[in-house]
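Chains G and D supply the protein sequences, listed in that same order.
Each residue of the first sequence is one higher than the one before, counting from 155 in this note's numbering.
Each residue of the second sequence is one higher than the one before, counting from 236 in this note's numbering.
Just so you know, these hints were derived from the structure itself, not from any lab.
Quick caveat, the model's predicted, so the values are computed rather than measured.
Heads up, some of the hints might be wrong.
[As the list claims (entries may be wrong)] List time: in silico EDC-like cross-link candidates among lysine to aspartate or glutamate, alpha-carbon distance up to 16 Å:
{"hint": "1", "chain 1": "D", "residue 1": "K547", "chain 2": "G", "residue 2": "E224"}
{"hint": "2", "chain 1": "D", "residue 1": "K547", "chain 2": "G", "residue 2": "E179"}
{"hint": "3", "chain 1": "D", "residue 1": "K401", "chain 2": "D", "residue 2": "E266"}
{"hint": "4", "chain 1": "D", "residue 1": "K284", "chain 2": "G", "residue 2": "D214"}
{"hint": "5", "chain 1": "G", "residue 1": "K302", "chain 2": "G", "residue 2": "E224"}
{"hint": "6", "chain 1": "D", "residue 1": "K578", "chain 2": "D", "residue 2": "E266"}
{"hint": "7", "chain 1": "D", "residue 1": "K547", "chain 2": "G", "residue 2": "D214"}
{"hint": "8", "chain 1": "G", "residue 1": "K302", "chain 2": "D", "residue 2": "E287"}
{"hint": "9", "chain 1": "G", "residue 1": "K302", "chain 2": "G", "residue 2": "D292"}
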Amino acid sequence: MDSEGLIQTAVELLAPWTLKVNRPEENRVDVFVAPDHLKDAVKAIVRAQWGYFSALTGLDQPPAEEGATEGTIEALYHFCRGPVVLSIRTSVPYSNPVIESICDVIPSATLYERELMEMFGVVIPGTPSTDRLLLADDWPEGVYPLRKSFTGFGEQKLEEADGNAA
Amino acid sequence: METQRKFIVPIGPQHPALKEPGHFQFTVDGEIVTDASVRLGYVHRGIEKGAESRNWTQNLYLFERICGICSHVHATALAIGVERLAGVQAPPRAQAIRILMAELERIHSHLLWLGVAAHEGGFDTLFMYSWRDREIVMDLLESLSGNRVNYSVNLIGGVKFDVEDKHRDAILRGLDTLEERTRHYLNVVTTDRTFLARTRGVGTMSREQAELFGTVGPTARASGVARDVRVDAPYEAYTQFPVNLVTDERGDLMARFVVRTKELFESYRLIREILDHLPAGELTVRVPRKIPAGETVSRVEAPRGELFYFIKSNGGEKPERIKVRTPSLCNWASVMQVAVGHKLADMPMILSGIDPCFSCNDRMVLIDRGSSAQVWSWDELRRYGIEYYKKL
Numbered sequence: 155m156d157s158e159g160l161i162q163t164a165v166e167l168l169a170p171w172t173l174k175v176n177r178p179e180e181n182r183v184d185v186f187v188a189p190d191h192l193k194d195a196v197k198a199i200v201r202a203q204w205g206y207f208s209a210l211t212g213l214d215q216p217p218a219e220e221g222a223t224e225g226t227i228e229a230l231y232h233f234c235r236g237p238v239v240l241s242i243r244t245s246v247p248y249s250n251p252v253i254e255s256i257c258d259v260i261p262s263a264t265l266y267e268r269e270l271m272e273m274f275g276v277v278i279p280g281t282p283s284t285d286r287l288l289l290a291d292d293w294p295e296g297v298y299p300l301r302k303s304f305t306g307f308g309e310q311k312l313e314e315a316d317g318n319a320a
Numbered sequence: 236m237e238t239q240r241k242f243i244v245p246i247g248p249q250h251p252a253l254k255e256p257g258h259f260q261f262t263v264d265g266e267i268v269t270d271a272s273v274r275l276g277y278v279h280r281g282i283e284k285g286a287e288s289r290n291w292t293q294n295l296y297l298f299e300r301i302c303g304i305c306s307h308v309h310a311t312a313l314a315i316g317v318e319r320l321a322g323v324q325a326p327p328r329a330q331a332i333r334i335l336m337a338e339l340e341r342i343h344s345h346l347l348w349l350g351v352a353a354h355e356g357g358f359d360t361l362f363m364y365s366w367r368d369r370e371i372v373m374d375l376l377e378s379l380s381g382n383r384v385n386y387s388v389n390l391i392g393g394v395k396f397d398v399e400d401k402h403r404d405a406i407l408r409g410l411d412t413l414e415e416r417t418r419h420y421l422n423v424v425t426t427d428r429t430f431l432a433r434t435r436g437v438g439t440m441s442r443e444q445a446e447l448f449g450t451v452g453p454t455a456r457a458s459g460v461a462r463d464v465r466v467d468a469p470y471e472a473y474t475q476f477p478v479n480l481v482t483d484e485r486g487d488l489m490a491r492f493v494v495r496t497k498e499l500f501e502s503y504r505l506i507r508e509i510l511d512h513l514p515a516g517e518l519t520v521r522v523p524r525k526i527p528a529g530e531t532v533s534r535v536e537a538p539r540g541e542l543f544y545f546i547k548s549n550g551g552e553k554p555e556r557i558k559v560r561t562p563s564l565c566n567w568a569s570v571m572q573v574a575v576g577h578k579l580a581d582m583p584m585i586l587s588g589i590d591p592c593f594s595c596n597d598r599m600v601l602i603d604r605g606s607s608a609q610v611w612s613w614d615e616l617r618r619y620g621i622e623y624y625k626k627l
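Excised from the complex, chain G in its bound form (with noise of 0.2 Å):
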C-alpha cells in the first residue's frame, strides 16, 4: 500500500470518534479525538494491525493569559507504518487531566505512561504500574516538570540540597 492509501485506511478506522483529521506534512496524519474515546481509537488501530506505537508526545498549552480559560495538556499516541506517522491527539484540562490507560491493548506502553504521569501531571487509571520510572525518590509530589509553568526550584532550593550533601 502506498502511504496516501495508508493514511486513507487510518483515517477510516478512526472516523468514529475523530473530531478533526489534519495533515501537516508529507506521510503524516494527526487525528484528534475525545480523551473518553482515545482507547476505542487505539484499539481499532491496533485490531488492524495498522503500524506499532511508536512514541507517546506530552505537550502542555498553558493559558494563553493570565485569567484566561483553562490550560490543557495535549497527549499524541505516535503509531508508524512505513513512511507514515499517525498521531492520534486528544487534550485534557488542567483542572481534570484523566486519559484512560491503553495498556491491555498495547502492554508496553506502561513506560510511555509513566512519563507522562510524572512529566505532566495526566492521571492515567488502569494503568499496571504508578511507580516513579524517570524522576528521582525524593522529586516533590504534585511538581510535573514539563509543564510551562515548572521553572526550576531556584536558589533556595540549590542552596538546600547543597546544604544537605554538606
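Keeping the supplied structure of chain G fixed, place chain D upon it in accordance with the hints.
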C-alpha cells in the same frame, strides 16, 4: 509453601565504572523468572526541559550528548527536523557525509555491543578481539572529526567538515580489515558450540510479540520484523544509497547476533558506495535564526533502532518542545515482557541482547520473601549464569 519459594531479585542501580545505571527487579520462582520490572531515570538529565530554554543551535550540541555511543544520529534527527521546519535542505554532499558518519557510528556501536554481549556470556576472548578491531573504526571517526565520540558533524543546514581523499583511502583500508574480521565473527557466533549453548533458543521473541511490543532495530529484525527507517522512510542520502534489510526469522539471541553481524557487512558496502559516489558541492546552506512555527516528526535509524523526534517550534529562536523517544525505551518495554518464563541465569544475556543503551548495574540483592537477604553484584549474576551453564 508456594510463596516461600518465590524470590524478588532487584538489580542495580549503581555501577561505579564502565556501565550505566538502571534498576531491574526480577521475581523468581526457583530458577524461573515470573515477573520483571524496571526503574529508569538515574541518569535523567532533563534534556527535554533544558531544550526549551536554549536556542536551536545550542540544542544541537545538547542533544548530541543524549548518548555517548550513538551521538551522531541524535544530532542528525534534530538537524533534519529543524531544517524541515525552516523549509531548507542540507546540500547533497552534506547529506551523504551525514549518512557516511552514521554508518561508521553503526559499525562502532555494533562491535561495541558484540564485545559486551560476549563478555556477559563469559566469552572474553571474543570481547577482547572485537574491541581491538573496533579501534580501527574509532581511529577513522577521530581522523574525520577530531573526536572518538560526539563527532559534532552536524550544523543546522549541513555538516562541518569535508571527506577528503586521504580520509577516503584510510576508510577503505580500515573497512577491508574489518570485513575480514567480521566474517570470522559471523563464523564464531554461528558455529561455536559453547557460545550457541547460551544463545540458540534463548530469549526467543516471536514476530507477533515483536510487533505488539513495538520493538525496533536489530531486536525487531531478529524476530523477522522488516522494520528499518532507512528502508521504510529513507531520509537524507539513503534515498540515493538504498539499504538492504537484514532480517532473521528465529527470534532468539543467536538471531540477534547474526542480524547485527550481518548489518556490519551492509554498512561496509554502503560506505564504499558512498565514497565512490560522493556528490560534489557545498557543505552548508543558510538557515534563519528563528525557525517558523510548526510541528514535525523526524525519524532516523540509530544503531539500536528507530529514533523518534517530535519537534514543535513557536516561531522563535528556541523550541517550544522537543520530544525524544530513543530506541532502547521500546526495546526495554519488550524485554521486560519476554524475560518472564526464562531462567535467571539467562538474564544477563537477554538484557544485553537488546543492546540496551545502559547495559547493567552493579548491586543486586537477592531477597527471600521471608527473612534472609543476599547481596549480589551484576558481576556475580553474570558469573552465576556462566557457572550454571558449565554444570550442564
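Name the hints, by number, that the structure is in violation of.
Violated: hints 1, 3 and 9.
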